[in-house]
Amino acid sequence: MTEPSTLSLAAASYGYDGVPIVRDVSLEVATGEAVFLVGPNGAGKSTTLAGIFGTAEPMGGSTSWRGDEMGASWGPHQRARSGLSLVPEGRRIFPSIGVEAQLRLAHRAARRIRSELDHDLGFVYEIFPRLAERRQQQGGLLSGGEQQMLAIGRALMQAPSILVVDELSMGLAPTVYQDVADRLLGLLRDGLGLLLVEQNARLAMKLCHRGYLMSNGNIVLSGTSHEMAESGEMHDLYLGAQ
Amino acid sequence: MTDFVQIVLSGAVVGVLYALLSAAYAIVYAGTGFVNFSFGALAVLAGYFGYVAMPGSAIESRALVALVVVAPISVGAWLLVFEPIVRRSPVAGVISAFALAIVIQEAVAFTAGNVPRSADSPFGSGLERVGGVVMSHHAMGVLLVGGVLLAATIIAFSTRSADVLKAVHQDREMAMLLGVRARRVALGVTVCAGVLVVVAGVLAPPAFGLTPYVGTSMGLVAFVGAVLGGLDRVGTAVAGSLILGVAESLFGGYISSDLRTAFVFGVFILVLIVRPVGLFVGATKQKV
Numbered sequence: 003m004t005e006p007s008t009l010s011l012a013a014a015s016y017g018y019d020g021v022p023i024v025r026d027v028s029l030e031v032a033t034g035e036a037v038f039l040v041g042p043n044g045a046g047k048s049t050t051l052a053g054i055f056g057t058a059e060p061m062g063g064s065t066s067w068r069g070d071e072m073g074a075s076w077g078p079h080q081r082a083r084s085g086l087s088l089v090p091e092g093r094r095i096f097p098s099i100g101v102e103a104q105l106r107l108a109h110r111a112a113r114r115i116r117s118e119l120d121h122d123l124g125f126v127y128e129i130f131p132r133l134a135e136r137r138q139q140q141g142g143l144l145s146g147g148e149q150q151m152l153a154i155g156r157a158l159m160q161a162p163s164i165l166v167v168d169e170l171s172m173g174l175a176p177t178v179y180q181d182v183a184d185r186l187l188g189l190l191r192d193g194l195g196l197l198l199v200e201q202n203a204r205l206a207m208k209l210c211h212r213g214y215l216m217s218n219g220n221i222v223l224s225g226t227s228h229e230m231a232e233s234g235e236m237h238d239l240y241l242g243a244q
Numbered sequence: 047m048t049d050f051v052q053i054v055l056s057g058a059v060v061g062v063l064y065a066l067l068s069a070a071y072a073i074v075y076a077g078t079g080f081v082n083f084s085f086g087a088l089a090v091l092a093g094y095f096g097y098v099a100m101p102g103s104a105i106e107s108r109a110l111v112a113l114v115v116v117a118p119i120s121v122g123a124w125l126l127v128f129e130p131i132v133r134r135s136p137v138a139g140v141i142s143a144f145a146l147a148i149v150i151q152e153a154v155a156f157t158a159g160n161v162p163r164s165a166d167s168p169f170g171s172g173l174e175r176v177g178g179v180v181m182s183h184h185a186m187g188v189l190l191v192g193g194v195l196l197a198a199t200i201i202a203f204s205t206r207s208a209d210v211l212k213a214v215h216q217d218r219e220m221a222m223l224l225g226v227r228a229r230r231v232a233l234g235v236t237v238c239a240g241v242l243v244v245v246a247g248v249l250a251p252p253a254f255g256l257t258p259y260v261g262t263s264m265g266l267v268a269f270v271g272a273v274l275g276g277l278d279r280v281g282t283a284v285a286g287s288l289i290l291g292v293a294e295s296l297f298g299g300y301i302s303s304d305l306r307t308a309f310v311f312g313v314f315i316l317v318l319i320v321r322p323v324g325l326f327v328g329a330t331k332q333k334v
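If you read the protein sequences in the order shown, they are chains A and B.
Heads up: the first sequence begins at 3 in my numbering, then just goes up one per residue.
Heads up: the second sequence begins at 47 in my numbering, then just goes up one per residue.
Derived by calculation from the structure, the hints in this document are not laboratory data.
For glycine and all other residues, C-beta sits at the position ideal for the given N, C-alpha and C.
Where hints are given, some of them may not hold.
As the list claims (entries may be wrong) - Simulated coverage check for chain B against chain A, where a stretch passes if three residues somewhere in it have a Cβ under 8 Å from a Cβ of chain A:
1) 221 to 234
2) 316 to 324
As the list claims (entries may be wrong) - Which chain A residues stay away from chain B? Per the calculated CB distances, all over 12 Å, these:
3) ILE23
4) PRO42
5) SER66
6) ARG68
7) ALA74
8) ILE99
9) LEU174
10) LEU187
11) LYS208
12) ASP238
Bound conformation, chain A alone:
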């Protein structure tokens, strides 16, 4: 196994239109590990992700990937092509593009090698046989769960080094969720890094070894799932409030 690559945020702040939304966020995700980021609605999780992917403005601190600082000049497309893929909140499926066409588009847009297209398609269809059945269907006509499968499949087509999933459980039936989660965790052995962003902390802690708790635009706690589950702060701030 090669040396893991690391996505690293060090005291990073992000925001929009000159107004910071999250401040001094420090977190790390390496290839080969699964890390969670949990926190109540409005804690700043999605803005942090937007900072990682270059759609929110960097406002201080450092955002680096494989040791390279990703400044404002690193556009979202560059980040996608360097091995960072996102399953966004709300799935953001293109409504009038077919299922397979969206998978192909994701493959091509990330500058993946053309000759691997069929292999990668087969891989996604094997994980989500449902998508294979719907391959000609337009994205807008899929059910919520199918759209979530497509959003995950679209990201996997890019063969990411770090896959960031904003609400994995969203729209998936519990049995499908468990299956998808197991498949993604299985990819860790092949060197995938996972950052799972969840409102449901219990689900996230079950899947990941360690993680972070966000509240009011800050990271307020970090540690292993075990430590965090035991922590009084986690209960007071978050679990108890659910």
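Given chain A, put chain B in place with the hints provided.
Okay, now just chain B, sitting in the frame of chain A:
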């Protein structure tokens, strides 16, 4: 019967000229979500470079000058004017395109004079008779050159590249998150549209005449045609303009030549009421 064929043929020629602009509207709309109403005026500007600016030189070199002057103006207008405005407000972008069209048209009128100019066809002034049907060499040239260019545009913007355009159109940020260079896509469609506009501008004057103001109606009718067929795909936009050209010609030939323009815009209103997404766009298609 011969009359009918003659009228349909001349309608097809007019339709191809509209369709060149419709295709330009459609690819730019698909790639940027913006309807660039300056195309009619830019086509006229190309027409002035093709027929007025350099009397005496060969039509090939005049057409080439039209291309190398007007296409970059169109691209420059996108980069310097429209892109920054459209990013903030698509509606303001459309208004700014109308404003630029008026600026260009007045600049042409000021420089070249507001008088109709003659434009000799680059294909010569000959006529061919087949049965009872008469076709000018210009008409045949328009059908051939325009037809080839439209077919090439439709092919170039079908399948794979059409999906990229749709993705940018439907969710620009998501497309970028997947690795699509949205600004480059917008620039690409603007360059292609610039070529279509210049070709329309050089082919149209022998058929429509050349005044500084002819672009306004040509640009609007081409937009009507594009919406008639469906603005978000090149093929449908082109088909809409061809149908509109033939329908306009039939109306002018059999009902009233004076009311042709009223007919075109009457059709437009009707389409907007009955099928606002266009005649050829599937009912399942969703708009975001």
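Against the structure, the hints:
1. Counting residues of the segment 221 to 234 of chain B whose CB falls under 8 Å from any CB of chain A gives 8; the rule of at least 3 is met.
2. Taking a C-beta to C-beta cut-off of 8 Å, the segment 316 to 324 of chain B contributes 0 residues in contact with chain A, too few for the three needed, and the coverage statement is violated.
3. Non-interface status of ILE23 of chain A relative to chain B is upheld: no Cβ of that chain comes within 12 Å, the nearest being about 16 Å off.
4. Every CB of chain B lies more than 12 Å from the CB of PRO42 of chain A, the least distance being 25 Å, so the non-interface label holds.
5. For SER66 of chain A, the requirement that its beta carbon stay farther than 12 Å from each beta carbon of chain B is met, with the minimum near 19 Å.
6. Even its closest Cβ contact with chain B, about 17 Å, leaves ARG68 of chain A beyond 12 Å, as expected for a residue assigned away from the interface.
7. ALA74 of chain A, annotated as away from the interface, keeps every beta carbon of chain B farther than 12 Å; the closest lies near 14 Å.
8. Under the 12 Å C-beta cut-off, the non-interface status given to ILE99 of chain A relative to chain B is violated; the minimum distance is some 5 Å.
9. In this structure LEU174 of chain A is separated from chain B by more than 12 Å, as the shortest Cβ-Cβ distance comes to about 20 Å.
10. Remark: the non-interface label on LEU187 of chain A is consistent with the geometry, its nearest Cβ contact in chain B lying 23 Å away (cut-off 12 Å).
11. Residue-level check passed: LYS208 of chain A sits 28 Å from the nearest beta carbon of chain B, beyond 12 Å.
12. Non-interface status of ASP238 of chain A relative to chain B is upheld: no Cβ of that chain comes within 12 Å, the nearest being about 35 Å off.
Checked against the numbered hints listed earlier, the structure breaks hints 2, 8; every other hint is satisfied.
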